[in-house]
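Peer 1: Below, each chain spelled out in residue letters.
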Amino acid sequence: MRKIPRQPAGPPPAPAPAEKPKNLQNISIPDILLPESLAGKQSLLKPHIENSHDIINRPFFLGVRPPVEAAAIYINGVIDIDTFNDSILRPLMVYAEDDGSGDRPGQELAEYLARTLLTVAQFRKIDRLADLVRDIYDGMLMIMLEGSAEVLSIDIHKTLLRAIEEPAAERGLRGSREGFIENLDVNISMVRRRLRDPKLVVRKMVVGQRTRTQVGILYVEDIADPNIVKDIETRINTIQTDGVVASGIIEQFIQDRPWSVFYQYRVTEKPDKAVMQILEGRVLIIVDGTPTTFSAPSLFVEFFQSPGDYYERTPITSFVRILRYLAFILAVSISALYVALINFQPELIPPDLLVPIARFRNQVPFPVAVEVLLLEIMMQLVIEAGFQLPGNVGQTVGVVGGIIMGQAAITARFASPAAVIVVAFSAMCTFVLPSPGMALASRLLRLPMILVSATFGIFGFFLMWLLMLTHLTSLTSIGVPYLSPLAPTRYSDLKDGIIRSFLTAMNKRPVSIPSQDKVRQAN
Amino acid sequence: MSKKTSLVLMTLLFMLFAAGCWDARDISKGSVVFVAAIDLNQEGGIQFGEPVKYDATILMPNLYPESANKVRIEKVSGTSLSGSRDQRAYINPDIILVRMMRVFLVGESLAASGIAPVIDSLCRNPLIDNSLNMAMTTGRSGELITVQPQDFPELGLYLKVMLNTINEKSFFPVVTLHVFRTQSTTMGRNPVLPILKADNGEVRISGLGIFKKDQLINRIGLDESRPLALLRGCKGRAYIPYVITREGESVDRGTVFASNERKVKVERQGDQYTFTITITLKGDLIEHENRVQLLQESDYLPMVEEQIASKIEDECQAFIERMQGEFKVDCIDINKYALAKWRNELKDSIDGGFIEKVKINVDVKVNIRNTGDLT
Amino acid sequence: MIIGTMLGVNFLALPRIASASSQQDAWIAVITGSFLPLLVLLLIERLGRRFPGQDFIEMSQALFGKVMGSLLAAILGIHMLCVAATVIIRFAYLDTVYLLPETPRSVICLLILLGALYVAGKGARVVARVNELMFYLYLPVLLLFALPLLKAAEYTYLMPVGGSGLGNIARSSWDACLYFGRMEFLMVAYFMVIRKDEVVKAGVSAVTFVALLYMMLTIACLLVVGPENLQNQVLPLIGELKANGFQFVDRTDLLFVAVWSVAFRPVFNMLCMCGFSFTRLLNLPEKRHYFLVLFIIGTAAYLLTFVPRSAVEIVIYTDWYGYTYPVMGLGYPLLYHLAAAVRGRKVPNV
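Protein chains in written order, with the working numbering: chain A, 652 to 1174; chain B, 361 to 735; chain C, 766 to 1115.
None of these hints come from the bench; they were simulated from the model.
The reader is advised that the hints may include incorrect statements.
Think about it this way: if two alpha-carbon atoms lie no more than 25 Å apart in a straight line, the pair counts; the simulated SDA-like pairs of lysine to any residue are [claimed, not checked]:
{"no.": "1", "chain 1": "B", "residue 1": "Lys623", "chain 2": "C", "residue 2": "Ser970"}
{"no.": "2", "chain 1": "B", "residue 1": "Lys595", "chain 2": "C", "residue 2": "Leu909"}
{"no.": "3", "chain 1": "B", "residue 1": "Lys430", "chain 2": "A", "residue 2": "Phe1011"}
{"no.": "4", "chain 1": "B", "residue 1": "Lys529", "chain 2": "C", "residue 2": "Glu919"}
{"no.": "5", "chain 1": "B", "residue 1": "Lys389", "chain 2": "A", "residue 2": "Leu1145"}
{"no.": "6", "chain 1": "B", "residue 1": "Lys595", "chain 2": "C", "residue 2": "Ile984"}
{"no.": "7", "chain 1": "B", "residue 1": "Lys701", "chain 2": "C", "residue 2": "Glu919"}
{"no.": "8", "chain 1": "C", "residue 1": "Lys916", "chain 2": "B", "residue 2": "Leu517"}
{"no.": "9", "chain 1": "B", "residue 1": "Lys529", "chain 2": "B", "residue 2": "Pro513"}
{"no.": "10", "chain 1": "A", "residue 1": "Lys1146", "chain 2": "C", "residue 2": "Ala893"}
{"no.": "11", "chain 1": "C", "residue 1": "Lys916", "chain 2": "B", "residue 2": "Thr638"}
{"no.": "12", "chain 1": "B", "residue 1": "Lys572", "chain 2": "C", "residue 2": "Ala918"}
{"no.": "13", "chain 1": "B", "residue 1": "Lys707", "chain 2": "C", "residue 2": "Ile984"}
{"no.": "14", "chain 1": "C", "residue 1": "Lys966", "chain 2": "A", "residue 2": "Leu1145"}
{"no.": "15", "chain 1": "C", "residue 1": "Lys916", "chain 2": "B", "residue 2": "Arg484"}
{"no.": "16", "chain 1": "B", "residue 1": "Lys520", "chain 2": "B", "residue 2": "Tyr450"}
{"no.": "17", "chain 1": "B", "residue 1": "Lys725", "chain 2": "C", "residue 2": "Glu919"}
{"no.": "18", "chain 1": "C", "residue 1": "Lys916", "chain 2": "B", "residue 2": "Arg622"}
{"no.": "19", "chain 1": "C", "residue 1": "Lys966", "chain 2": "A", "residue 2": "Arg1141"}
{"no.": "20", "chain 1": "C", "residue 1": "Lys887", "chain 2": "B", "residue 2": "Thr371"}
Bear in mind the structure is a predicted one, so any value in this text is a computation, not a measurement.
Isolated chain A, as found in the complex (with noise of 0.2 Å):
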């Protein structure tokens, strides 16, 4: 391929209008009409795709009297090739030899043979070098012939899919089994059979100059609050970037504070899930090419609320759900707790657990600060290398690395057993969270947190959580605050921030998530 310059960085262009976004433009393809001659048309495009093996050019003479020369191109791979002979190259190179087609002009050709003869759904004609061009990349059949301006660009995709199953990151007692995959049509056909609403809107737009990747965006219209709408549309519009492989991509593209250790998106892999996101009045982000969705603005609390939560007991969810915060605070602060306790504050422990634990920290030769972060940043290891393997081999190295480096080191002084409960402890709570982002959050606000309590005992803990707090506080996802409705307190949201209240309870959206139509059911 030629080289393509690179739109000079600037400052950031003006939103532009949804329907055409500004950056499909960005490839330097010259934007000059197409001439009528195959043979000009070929020569003009040869350039752009004559170092793309896969593409075929399939020249052949259209059934008329007599025959016109014509030329399908395409790529290998991507295009049905069974509708291909079936549907197109048969009708047009057999089945045209009726009524004199050869008679009309080439540029009505066109649209006669795609109105009488070729039974595909969809097609459309392109009269412009730099759209044929594209066209070809994003999979499209193009039909060229002699004598017409004009190209029958056909769409006739086939890919090869990937079946639908259940999310393994995903997975609940009850409820859907169905996962995302990683097109982007046959997502939004599963939210669509979820949501029949005619509101639901369905919006596409194309993001990345070289990769093209299509992001579908998703709402109800009368719920969705449209200065949120608009506000996303803006950001993914605003998008700069030459390739966009995966919604996480997007996701840091558009986020509010790229510093932050949170997530300020739920992500999702399951349809039910999203389709209950859009009913809150969020807009659904579906990236084609991943199965992982996104839905914004999120909160704090989502993160600690899993789809299942809505199809078990109220009294059982709300008891797991005051244990997954339980787990957070725990995952963030208990290392560095016992950090603080032991090095400052020993007279907050138990006098008749203090004796047994000074003793085992007897025989260890390192500070306790730094044998629990060594502690700490073995666990993680260990986790990381866990995730890193496949499957069995994955949780294999968990035992090893746990269990039996766990033991090593306190027999071998390193640790000491206190420690090892401890470190292992917030370990295990990590993994209670339901989302992999808050998780990997309290994994890494850990270490600060135990650096601070070494340097300034309780005190510096207490601080270092006052910060955490205000961070949160200050955090804004799309211009939601983050952790409404903690702070700013909105009660009518508790029921289903810290406990789940029951289904019936809840007669209106939540206040936290801007929205239009405030009702979600009568009473």
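Assemble the complex: chain A is given as a structure, and chains B and C must be docked to it using the hints.
Peer 2: Same frame as chain A, now just chains B and C:
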């Protein structure tokens, strides 16, 4: 907030970290004081050019597992209580952590000379828990602390549990630092302290010390500590044995396990104050020897109740007489009720010559609620 | 937010102050002492109603002319700065005594200040939200004080009610109301609140809440420690918490101090208000220079924390500074009202 300023802030914070850790003290390198025993110094000596006043003996659990001894006991002397810690620098490499002290003992001679000065050292340290237990010893407390109780890991735990839970098995006051301090400094109130005694390699409680403010004025034995605790309103549960005699012959003996409660009423006629102390004992009959069927003889239990009540009433009256005649301090903590009504009038006289002149009536009520498995 | 500003560390010492003259009747003094902040609140509210749509700086300049108005506003700003500094010192004192005895006080002051600057730097909205959040988080902590009551309460310490004499109670309530202070920050804050009609309601309920809380704390301290002993303790509330150990929380006092040690809400509230007034005063664009102004203010407050050298001086200085609260809190609104009354006809309300 711009990036630059946040960067500056973060650099500052990291500089702090680099310099920090002023207070980091690893507990494994500390000596945790569980028991401290303070005496008046007898040998004499000079520290920093002043005559030595106190001996401080402390007991610490040994945190080094390799060592043979379970505890470490150190005795140092100094012109002031905390000043004696200077001497520890020369005999102990570890940091002394007094914040987790559980029991504070004072010797008899020190108690007699007043313990307010040594209490100051405890209360001034903000990290010391005011709920630590206090006791005094017969003779020198520094000697008692060296006794290693048989079958217990160390003396600190032994004393802490014994002094703290004694009211679950007997009518006996539990005295913490907070209690002693508030009572010794509040107008009209006076504290008491349990007396510990070393006896054949065992430490046991042998009675109560009666204090006037912070000064020991007298000691009573265990026989008198029961009426004192009941009169004082120290809540507890205890075994009350009884013997029923008919025509000079004991016909039944048994035990009631009861908890106590006290109510005080005070009336005034001119200068004559009359206190009425009502002691209510509620509990279970846990033992009686003869074979009287309690279900059939319904007047038997009231008889037991009456027997116990009259016996305790006698004990209490005897104690009150001794208090008014001999101790001349309010060691049963009833002055406060008079103060609550006539605080301004009594302000000056309450701590001198008030308790001797008042009239104190005792009324004991016993209520046996359960009789156990047998009838 | 009002609650946040009023609840500093002072309340730990309040029982001592209140009981100094009135002994067992300190709690009555606390209640009567709360009338002053209510008065201040009402005065400020009346003032705000007279000048709708103006912020504090504009109002003072309209009333007193450009120079005098700016000067008065600047004095209030500096006053808030000093208040912030005194609160920092008090918190640092608490922390050095109970938690970090070896750490230099300057470092702790710096830590507190940096923490407060971080919060204040996020802007008024975040400050308000943090206040809201902390109020709920600290509610259970504040209730810790009730624990010792279960075991060690002695009701005769409160008797006889009113026995200490009216004069003593009055003296105590004057002392106590100094501890209620810091309502003057409302002068600036009032003009930032959007729903002004709710300010009075929120303010009154806040003051009532604080007064009730203070009263309960005072009663608790009196019950557990007794009026004579209260005088011996620097922070009697902690002494009260210390009185008893419990099975599950052995050291309620240290737990309380540890959690409370970062509750320096007055600091960042004051810093935030101060930052906004000075940015306005100097006519700087708010977005870009707010943090810079804040930083300078913070540095000034930090320098102020070096003034007292010892714990005793901290208590003396901050107590002494407490006397300015009524002057600033009561005097300022009165002065503005006076000026408004005098010039009311000449200066049309914009």
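Peer 1: Assess, step by step, whether the Cα of C/Lys887 is no farther than 25 Å from the Cα of B/Thr371, and give holds or violated.
Peer 2: Between C/Lys887 and B/Thr371 the Cα gap is close to 19 Å, so the pair holds against 25 Å.
Peer 1: Is the hinted pair B/Lys572 and C/Ala918 satisfied, with a Cα-Cα distance of at most 25 Å?
Peer 2: Holds, because 22 Å separates the two Cα atoms, which is no more than 25 Å.
Peer 1: Is B/Lys701 within 25 Å of C/Glu919, Cα to Cα?
Peer 2: 14 Å, holds
Peer 1: Do the alpha carbons of B/Lys520 and B/Tyr450 lie within 25 Å of each other, as the hint requires?
Peer 2: Cα-Cα ~29 Å, so violated.
Peer 1: So if I understand the rule, the pair passes when the alpha-carbon distance is 25 Å or less; does B/Lys529 with C/Glu919 pass?
Peer 2: With Cα atoms ~24 Å apart, B/Lys529 and C/Glu919 stay inside 25 Å; holds.
Peer 1: Would you mind confirming whether the straight-line C-alpha gap from C/Lys916 to B/Leu517 stays at or under 25 Å?
Peer 2: Holds - the C-alpha atoms of B/Leu517 and C/Lys916 are around 22 Å apart, at most 25 Å.
Peer 1: Mind checking the alpha carbons of C/Lys916 and B/Thr638 for me, to see if they're no more than 25 Å apart?
Peer 2: With Cα atoms ~21 Å apart, C/Lys916 and B/Thr638 stay inside 25 Å; holds.
Peer 1: For B/Lys595 and C/Ile984, compute the direct alpha-carbon distance and say whether it is at most 25 Å.
Peer 2: Holds - the C-alpha atoms of C/Ile984 and B/Lys595 are around 23 Å apart, at most 25 Å.
Peer 1: Does A/Leu1145 sit within 25 Å of C/Lys966, going by the straight-line distance between their CA atoms?
Peer 2: 24 Å, holds
Peer 1: Next pair to validate is B/Lys623 with C/Ser970; report whether the Cα-Cα distance is within 25 Å.
Peer 2: 40 Å, violated
Peer 1: Below or equal to 25 Å on CA atoms is what counts here, so check C/Lys966 against A/Arg1141.
Peer 2: With Cα atoms ~18 Å apart, C/Lys966 and A/Arg1141 stay inside 25 Å; holds.
Peer 1: Checking one constraint from the list: CA of A/Lys1146 to CA of C/Ala893, max 25 Å. Satisfied?
Peer 2: Roughly 23 Å separates the two Cα atoms, so the pair holds.
The earlier numbered hints that this structure contradicts are 1, 5 and 16.
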